[in-house]
Amino acid sequence: MNELLIYLIFLTGLFAVVFIKNIIKKIFGLGIMNSAVVLLFIVRGAEIGESAPILENTVYNVVDPIPQALMLTAIVISVCITALALGLAYNLYLTYRTFDIDELRDKIES
Amino acid sequence: MFSAVLLSLILGLSILSLSHKNLFVGIIALSAVSLLSALLFYYLNAPDVAITEAAVGAGLSTIAYLWVFRAVKTLEQNTHADN
Amino acid sequence: MRIIKKIIGFITFTLASLFIGILMLTRIPWPTELRDIYETNTIQETGAPNIVSAIYLGYRAYDTLGETIVLFIAAMGTLYLLRHAQKSLFIATDSTKETLTYKTRRTSIIKVIVSKLGPAIIIFGMYIMAFGYRSPGGGFQGGSVLASGIVILSFVFIENKSKYMAITQMLKKIEVMVFILLLVSFFLACLQALFF
Numbered sequence: 001m002n003e004l005l006i007y008l009i010f011l012t013g014l015f016a017v018v019f020i021k022n023i024i025k026k027i028f029g030l031g032i033m034n035s036a037v038v039l040l041f042i043v044r045g046a047e048i049g050e051s052a053p054i055l056e057n058t059v060y061n062v063v064d065p066i067p068q069a070l071m072l073t074a075i076v077i078s079v080c081i082t083a084l085a086l087g088l089a090y091n092l093y094l095t096y097r098t099f100d101i102d103e104l105r106d107k108i109e110s
Numbered sequence: 111m112f113s114a115v116l117l118s119l120i121l122g123l124s125i126l127s128l129s130h131k132n133l134f135v136g137i138i139a140l141s142a143v144s145l146l147s148a149l150l151f152y153y154l155n156a157p158d159v160a161i162t163e164a165a166v167g168a169g170l171s172t173i174a175y176l177w178v179f180r181a182v183k184t185l186e187q188n189t190h191a192d193n
Numbered sequence: 194m195r196i197i198k199k200i201i202g203f204i205t206f207t208l209a210s211l212f213i214g215i216l217m218l219t220r221i222p223w224p225t226e227l228r229d230i231y232e233t234n235t236i237q238e239t240g241a242p243n244i245v246s247a248i249y250l251g252y253r254a255y256d257t258l259g260e261t262i263v264l265f266i267a268a269m270g271t272l273y274l275l276r277h278a279q280k281s282l283f284i285a286t287d288s289t290k291e292t293l294t295y296k297t298r299r300t301s302i303i304k305v306i307v308s309k310l311g312p313a314i315i316i317f318g319m320y321i322m323a324f325g326y327r328s329p330g331g332g333f334q335g336g337s338v339l340a341s342g343i344v345i346l347s348f349v350f351i352e353n354k355s356k357y358m359a360i361t362q363m364l365k366k367i368e369v370m371v372f373i374l375l376l377v378s379f380f381l382a383c384l385q386a387l388f389f
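Residue numbers (the working numbering), protein chains in the order written: chain Z, 1 to 110; chain X, 111 to 193; chain A, 194 to 389.
FYI, nobody ran anything at the bench for these hints, they're computed from the structure. Source: prediction; values computed, not measured. All residues carry an ideal CB built from backbone N, CA and C; glycine is no exception. Check each hint, because a few of them may be wrong.
With a Cα cut of at most 30 Å, we get these calculated BS3-like pairs of lysine-lysine [claimed, not checked]: (1) Z:26 <-> X:183; (2) X:183 <-> Z:21; (3) Z:26 <-> Z:107; (4) X:131 <-> Z:107; (5) X:183 <-> A:366; (6) Z:107 <-> Z:21; (7) A:366 <-> A:304.
Stretches of chain Z that chain X covers, calculated by requiring three or more beta carbons in the stretch to come under 8 Å of a beta carbon on chain X [said to hold, decoys possible]: (8) 1-10; (9) 26-36; (10) 81-92.
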């Protein structure tokens, strides 16, 4: 059930990246795909334990800490991708005054 | 059950952010997606990832989107004022 | 031409969704051996009760260092792109200052709330950084909370140029002090490893 919902979220982002014409919405789609991947790793890693991975008391049986450490870095990289893509899109907008990708292609080729 | 409800909310908000005509609504919906997934991470015993997602996804990337949105709006108004 | 591109996009979407669906929807039981290793060995090997912090700041510290360099380069590239864009805009429109006057709708609600809330956010970010080894948190999280606090404070103080400059001067002093503390702690750790 959870995996199916996460797969649908991922498909929403992929659909935006492939089919929607607006560049800003393509960047939205990249962010949504990234959060779907992060959600998948955390949901699957939380299946084998019951407490957070902090060994304060003697209540062990923690969840898997490795997906959490990897997804921490993935979130930080995703904000890099967003900022860089927004900078490029803003530069395109300053030169051609549009976000639509068909108009951009026409203006570049002409 | 709780995680399935939160995931379907996230799915609906992401579809809203992509389908709405106004970009500002899309930016705020994307920020809400980040906040809801932070809540889900806390529920799934991942407090570190929850803090990171709430600070980075709902804070910094929303500020970047809003900066570009404001700059584009200002440029549009200025070009209309020139013409 | 457009139709061919649309067909190519459709085929790509179908193939990618099939491949990723197979990857995401197959259920194999999650392995538990590595979890057990970290659970029994982390406190003896690193001394930190928070296993996630121990992994990304202890076991995989070089990985995190490289990722911080990636973050730094991305921030530099974004700033370069934006500054270049502003410059080309000035050249193109030739009326320098008037084109970029942003409409500000700054009310006293934002001023009062931000000036009370901003220092609290900064202190909370420092707390997250300092106690990340035993409670949820660490360098990335504390740093991003700190950055959002500074951005929120700049919403208010950017109106008054002198106060904004004062904040950057203070930040410069804090940066120098933290760097000196880092060097001192590094040398102390070297001394401890050598002699005790």
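Hints and how they fare:
With a CA separation close to 19 Å, the supplied pair residue 26 of chain Z and residue 183 of chain X stays within the 30 Å bound. At most 30 Å may separate the alpha-carbon atoms for a hinted pair to count; residue 183 of chain X and residue 21 of chain Z meet this at roughly 19 Å. For the hint pairing residue 26 of chain Z with residue 107 of chain Z, the CA-to-CA distance comes to about 20 Å; that is within 30 Å, so the pair holds. In summary, the hint linking residue 131 of chain X to residue 107 of chain Z is supported, as the alpha carbons are separated by about 24 Å, within the 30 Å threshold.
Between residue 183 of chain X and residue 366 of chain A, the direct Cα distance comes to roughly 37 Å. Violation of the 30 Å bound is thereby established for this hinted pair. As the CA atoms of residue 107 of chain Z and residue 21 of chain Z are separated by approximately 15 Å, the hinted pair is consistent with the 30 Å bound. A distance of roughly 25 Å separates the Cα atoms of residue 366 of chain A and residue 304 of chain A; the hinted pair therefore holds under the 30 Å criterion. Given as covered by chain X, the segment 1-10 of chain Z passes the check, having 6 residues with a CB less than 8 Å from a CB of that chain where 3 are the minimum.
Only when three residues or more bring their CB closer than 8 Å to a CB of chain X does the claim for the segment 26-36 of chain Z stand; here the count is 5, and the claim holds. For the segment 81-92 of chain Z, the stated coverage by chain X holds: 5 residues have a C-beta nearer than 8 Å to a C-beta of that chain, and at least 3 were required.
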